[in-house]
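Protein chains: 2
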Amino acid sequence: LARIALDAMGGDHAPKATVVGALLALDDIDPAHSIQLVGRTAVIREQLDGLLADEFAHATGARDRLEIVEAPDVIEMHEKPVAAIRAKPNSSMALGLKLQAAGHSEAFVSAGSTGAQMAASAVFLKLHEGLLRPAIPTVLPTARQSVVLIDSGANVDCSPQELVQFAWLGTIYAEDILGRTTPGVALLNIGEEPEKGSKEVKEAHRLLQEQTALAFRGNCEGRDILSGQIAQGQVDVVVCDGFVGNVLLKFYESVAPLAFEVLKRAGVDRRLLERGFKAFDYSETGGAPLLGVRGVSIIAHGSSSERAIKNAIKVALRAVESHMNEHIGRRLPTVNVETS
Amino acid sequence: LARIALDAMGGDHAPKATVVGALLALDDIDPAHSIQLVGRTAVIREQLDGLLADEFAHATGARDRLEIVEAPDVIEMHEKPVAAIRAKPNSSMALGLKLQAAGHSEAFVSAGSTGAQMAASAVFLKLHEGLLRPAIPTVLPTARQSVVLIDSGANVDCSPQELVQFAWLGTIYAEDILGRTTPGVALLNIGEEPEKGSKEVKEAHRLLQEQTALAFRGNCEGRDILSGQIAQGQVDVVVCDGFVGNVLLKFYESVAPLAFEVLKRAGVDRRLLERGFKAFDYSETGGAPLLGVRGVSIIAHGSSSERAIKNAIKVALRAVESHMNEHIGRRLPTVNVETS
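Those protein sequence lines, which keep their order, are chains Z and E. For the first sequence, counting from 1, position 116 maps to 138 in the working numbering; every step adds exactly one. For the second sequence, counting from 1, position 46 maps to 68 in the working numbering; every step adds exactly one.
Derived by calculation from the structure, the hints in this document are not laboratory data. Among the hints, a few may not be true.
You can't tell identical chains apart in this list, so a pair holds if it fits in one copy or across any two.
[Stated by the list, open to error] Each computed BS3-like pair below joins lysine-lysine, with the alpha-carbon atoms no more than 27 Å apart:
1) Lys102 / Lys38
2) Lys221 / Lys102
3) Lys286 / Lys38
4) Lys38 / Lys300
5) Lys336 / Lys102
6) Lys286 / Lys148
7) Lys336 / Lys272
8) Lys272 / Lys221
9) Lys148 / Lys38
10) Lys336 / Lys38
11) Lys102 / Lys218
12) Lys286 / Lys102
13) Lys102 / Lys224
14) Lys218 / Lys148
15) Lys300 / Lys102
16) Lys272 / Lys102
Construct the entire structure; sequences and hints are all you get.
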């Protein structure tokens, strides 16, 4: 029933990874769903024909669930987001989102420029009423269950009010996408005490305590993120501004390769390491929805593999089926955040 | 020649860990140096007599290089720093620093309350001329050589001018304590481009480019910290505000135990893991000087072990012998940072 638009031109490995990813997804999801491949028709058709004649010869019926939507332009990674969206109204990014805005699809997935996707999503899908800025959640693997870090890079210089809205966006995401009930929320800070931290974080703490409908558990520190647990209870959602979130995530991504190398040097068997570190590999989790826009816009990593694209499409489907977007639209206006 | 004052009452394992740490240090450093144990005389003497009669019976001559300085009060970890310093002028923290201010010792080491030590160091040693705020560097182990992260938690809400001063403090620290020549400096940010980041970081980037005497290599991202290398060259010093630094460090500390557990579950031999992860254990690096005060004040971890205390004393000695403090005093006033 859902139609997912995929930016066939987006990402380091497009269009091969995107077209293969779409075929893998079709094989994996309910046959009622279909995918729109948005991009240069000739390029997409060539990929598709080659794959369906060979590697995906078994995928009978896949062609009927695929639609090619012509988009002559492509936004390159180095282009300035807002300017690129304006200059290329017929890019795969813009057209893919316009499809959704016009009611021709229910979700959009891209591994192209994150900045351009954020800008285009805000322009074409618009923000939910009352929302100050959209945010990107990242699901971090931990020793127990995963934790949502929000914002993971969309916004720097966040106001306390924005941090409170991130807490709500993260909560709804944890419910709808991860299936958590009453997700625990913590504010990332340099100490447990409410009076710790920067001006913005101190004020956000105060405002979060007033959000009685939210399971706010107080501050958590850097060391608590991966434990998913503080004295006040389980933490499913960790709230921070996008500067801290971005630095943390990129740092985390660099730790496993370092540990891998050090342990290999210490004589640990390579295959055991590969097996162990698999838990830390979130390169194939697919993508994260840009939360707060009126619709579903899934941001996939620029280096997305075929499997990552497939998983991003599945995240999009989960967002559609759980009505995440409607939940955000319904609950955000009830968040009464005083603006100072 | 150097006299190092040690807060004998500071830290979770004091006075045992502090007194043993002092004895271990005396055994390890040039016999010309001596240590002042600052705290409750009776408590210290009891520890010392027991140790010298038994475990340290071999340490002949140690007693002559130890002086006990009576300080009847102790600042507890939960006390508010500034208030505690005022209320307890005869605490081991205050008296230990006053010794140095009066020229009776060359350095001070404490594993007590970091907040109180920062406040007391500023009050009794004073800041170098022109310095806005002192900062704490942390030496991070990496796959290659270590990297200095500054500020690692002393300051939140930093101005661009303060970030520039941190770059200088980190540079002198890397030269004098780590022995690096012309240390490379990078500004921690969410992207390589100068126009990325928060207001403060963007302005700091501009100001750092004007510091021609500094080996400023531009922005680095979270993933570059542990590689110690960016396109512009080697990075010895990573500059960030204390909020980001504190979150990062505590996060880093939590990664190794998690990886350890996951890998053990994957079947990796426990002893191999212990050997491998040793490189990541900086619990015994000792301590970090509070940079920017006129003197040497070494902040050791509250949970410092005997070995950590010994190492903190050695860090103090290295700071004294390298004339780090004089170098800071000489170079800081030449840092021409426009104040907006």
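Okay, the hints, checked on the actual structure:
For the identical chains of this complex, Lys102 and Lys38 are intra-copy neighbours only, at 25 Å inside a copy versus 60 Å across copies, given an alpha-carbon limit of 27 Å. Taking the shortest alpha-carbon separations for Lys221 and Lys102, only the inter-copy value of 19 Å comes in at or below 27 Å, while the best intra-copy value is 31 Å. Taking the shortest Cα distances, Lys286 and Lys38 never come within 27 Å of each other, neither inside one copy (34 Å) nor across copies (38 Å). Taking the closest pair of Cα atoms, Lys38 and Lys300 come within 27 Å of each other only inside a single copy of the chain (25 Å); across copies the shortest separation is 43 Å, beyond that limit.
Proximity of Lys336 to Lys102 under the C-alpha cut-off of 27 Å is found in neither arrangement, the shortest distances being 29 Å within a copy and 51 Å between copies. In this homomeric assembly, Lys286 and Lys148 never come within 27 Å of each other (Cα to Cα): the closest approach is 49 Å inside a single copy and 48 Å across copies. In this homomeric assembly, Lys336 and Lys272 come within 27 Å of each other (Cα to Cα) only inside a single copy, at 24 Å, whereas the closest approach across copies is 34 Å. For a Cα distance limit of 27 Å, the shortest separation of Lys272 from Lys221 qualifies both inside one copy, at 25 Å, and across copies, at 21 Å.
Taking the closest pair of Cα atoms, Lys148 and Lys38 never come within 27 Å of each other, the shortest separation being 31 Å inside a single copy and 63 Å across copies. With identical chains, the CA atoms of Lys336 and Lys38 are at most 27 Å apart within one copy only, with a shortest distance of 18 Å there and 58 Å across copies. Taking the shortest Cα distances, Lys102 and Lys218 sit within 27 Å of each other only across copies (12 Å), while inside one copy they are farther apart (37 Å). In the homo-oligomer, the alpha carbons of Lys286 and Lys102 never lie at most 27 Å apart, since the shortest distance is 41 Å inside one protomer and 46 Å across protomers.
Taking the closest pair of Cα atoms, Lys102 and Lys224 come within 27 Å of each other only across two copies (17 Å); inside a single copy the shortest separation is 34 Å, beyond that limit. Taking the closest pair of Cα atoms, Lys218 and Lys148 come within 27 Å of each other only across two copies (25 Å); inside a single copy the shortest separation is 35 Å, beyond that limit. Within a single copy, Lys300 and Lys102 get their C-alpha atoms no closer than 35 Å, and across copies no closer than 44 Å, so neither meets the 27 Å cut-off. Taking the shortest Cα distances, Lys272 and Lys102 sit within 27 Å of each other inside one copy (22 Å), while across copies they are farther apart (35 Å).
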